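Undergrad: Assemble the whole structure, with the sequences as input and the hints as a guide.
Listed here are the chains, written in short residue letters.
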Amino acid sequence: MTSWKKAQSRAAPWFLLPALALLAMFVVWPMLRAFGWSFTNADLLAPEQARWSGLDNYSDLLADPRFRRAFGNTALFALLVVPIQTVLAFLLALWVNRPEPAWRWLRAAFFLPVIVSMPVLAVLWTILYQPAHGGETGLVNAALSLVGLPAQAWLRDPHLALPAIAAMSIWQGVGLQMMVFLAGLQGVSRELLDAARIDGATAGQRVRHIVVPALRNTIVFVITVTTILAFRIFVQPYLMTRGGPGNSTLTVVQSIYEITFLSQNLGRACAATLLFLLLVGGLTLLQRRFTREERT
Amino acid sequence: MRSVRPAPISAFLFLFLALVGTAGCRRDDPAAARVPLVRVWCHQGQEAENQAMRAIAAAFNAAHAGRARVELTFFPDFQYNEKIAIAAAARDLPDALDLDGPLVARYVDAGLLAPLDAWFTPAELADFLPTIRTQGTIDGRLYALGAFDSAVVLYYDRELLAAAGVEPPPAGRGWTWNEFLAACEKLHASGVEPVAFHMNESADEWFTYAFSPVIWSNGGQLISSDGTSVRGVLASVENIAALQAWQAVFKNNYAATDPVDPDPFGSGRTAMDWSGHWMAPSHVRTKGAALGAMPLPRVGARSVAPCGSWCWGVSAQARHPELAALWLKWVTDPQHGIAPIVRANGAVPARRSALALFPEYQNLPYRLFREQLETSAQPRPRTPFYATLTQRFAGALRDIARGDEVAGRLQAAEREVQAVIDRRRPAAAPAAVSSSP
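Read top to bottom, the protein sequences are chains A and B.
Each residue of the first sequence is one higher than the one before, counting from 1 in this note's numbering.
Each residue of the second sequence is one higher than the one before, counting from 1 in this note's numbering.
Bear in mind the hints are in silico, worked out from the structure with no lab data behind them.
Hints are supplied without guarantee of correctness; some may be wrong.
Which bits of chain B does chain A cover? Going by a derived footprint, with three or more residues having C-beta under 8 Å, they are [to be verified]:
1. 80 to 93
2. 97 to 110
3. 386 to 394
4. 398 to 408
5. 412 to 423
Since the model is a prediction, treat every value here as computed from it, not as a measurement.
Using N, Cα and C, we set each Cβ at its ideal position, and we do this for glycine too.
TA: Written as structure tokens, this is what we have:
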């Protein structure tokens, strides 16, 4: 028994080696390179001519109104998306958490947008959001006019474009979180729920005092993942508004893309990416501090 | 159960990965190995265009059997420039490569391209359209040459104009902006959509390419002539006036911003189309004799046309520069290169001797394409900052079309572009000490 265990622990490094080597080559080494470049004026087309520039890239970025706007927009997007998407996913999961086979269809329907390619959805929603022109109008505005509300130029109005994209993103992503909650709901004790029902607890009380505490770890996971995904927003605004109107839907990832491939300023791009990593990483840690997982 | 022997498995895994990694590089044909290989990169176009490129390369290989062999690699055009940038960073550029015309200045600035002057005789160069030579000339040296050029004109439907009582200008002449607006007004009143501006184009380049002429026609510029400053240039009085005139088209609902009709003449409800040579075949087919074409309307004194397209350069890191130049001569040769590619993509042949091979250039609208390129076309600015400039300018145009105040929006774009330029200055001028605060 012990010799078998010894052999196992002798063998372990060999099994780890391929994975560690690949991780080092494709994750650790590039990150170290990026960290190094972020203190230089490296040009994407000629990085070997890079010269040391200290903290210039960082201080420039923090002072750049466009980059700050991108951070503000992205934070606002996350602020809109994370709470709404989490609550909505939770409510949807409670709703479709039924054993009868018919509910499977509804679960599939809510999950469908997750597996459709994002560019396709972006084009689709651009059409849905279309303002009225001549006899044609987008479905969203048509629906608004049915209930007597005025039509809006959704993606063209600097105040509406970001919320409109957030609404679309929530619709797209909510299915995934719903699935995670559904999986969590299977672990909630039936006996406890039945006992509570017999004791006269209302549905609301059962959710508040039994389901939510039981799903605590799931909720923490969903909030964390949704936050990270929300900060990485890029495709929807890039395809639907190109960051406009003005810079009202410019995101951090889009501005990193621009610094890398349009200005081709590798040093700055690395600095921007590391700042972004720092922010998202810091936020995630902060969240976990306040919503600590329960370990049993 | 015996314990597993991990070392052989691990070694096997490494070997497997190594084999997978190099599988793409293996070449077993011993005869081909002796002939120098010219690596050529090319953006992916329409399927007909790609097939024409493959045929051109095959003909090159047949004609140079034993001397040189071209290996053509296609990349999707929406990430082609990113691909070049990454390859340049990794010192992995091919011998010859297809380039987007306005980006040549940036590649020259980074030292990626070799000058072509030595490979072409003055007589050969004189055969190229002036716009193509200008597009590829940076600081007095030639770095890129194309097989084709492009053109944008104002197509119109003679019948719809006549029905609205609009008199088109005499052949070869364009309207002033006020004449253009007056025509739009009459067409609008007659119940048709006056003009299509293709505002739904997803590519930023359409906006800079198609509408910079409005600014140029008023004596304005996008960036200083040396390509290093937009301060006081991008938001100049001339540009503001020109784009206010341009905005009037949208304010009066003469052109749609969205939704728009991708084939405005197909529906028969649009009277004029501000569009490129690529629409000519379908417009000729749809409208027949009713199709007219005139130069773009001008805000100031002179009508200016846009131009420029994909072109070819030789990498400064080329292993076989002389063979890469041989390939460039082949793709820009009227018979071997220009004729097949132009038949596939419908662009304007870049050489006068090649234009003679296309009888349609005797007639409108094709005749106008050539006239413009010979006399009134202006390449987009040749500056290392073009990629940023075009993106921010296109963003400004989109917002202005949707009603933003022109001066303020142009000033915002000017500030953003200048900020990008200022940041690069220390790298561009080694003498500079440190960046400004």
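Undergrad: Of all the hints given earlier, name the ones this structure violates by number, lowest first.
TA: Hint check: nothing fails, all pass.
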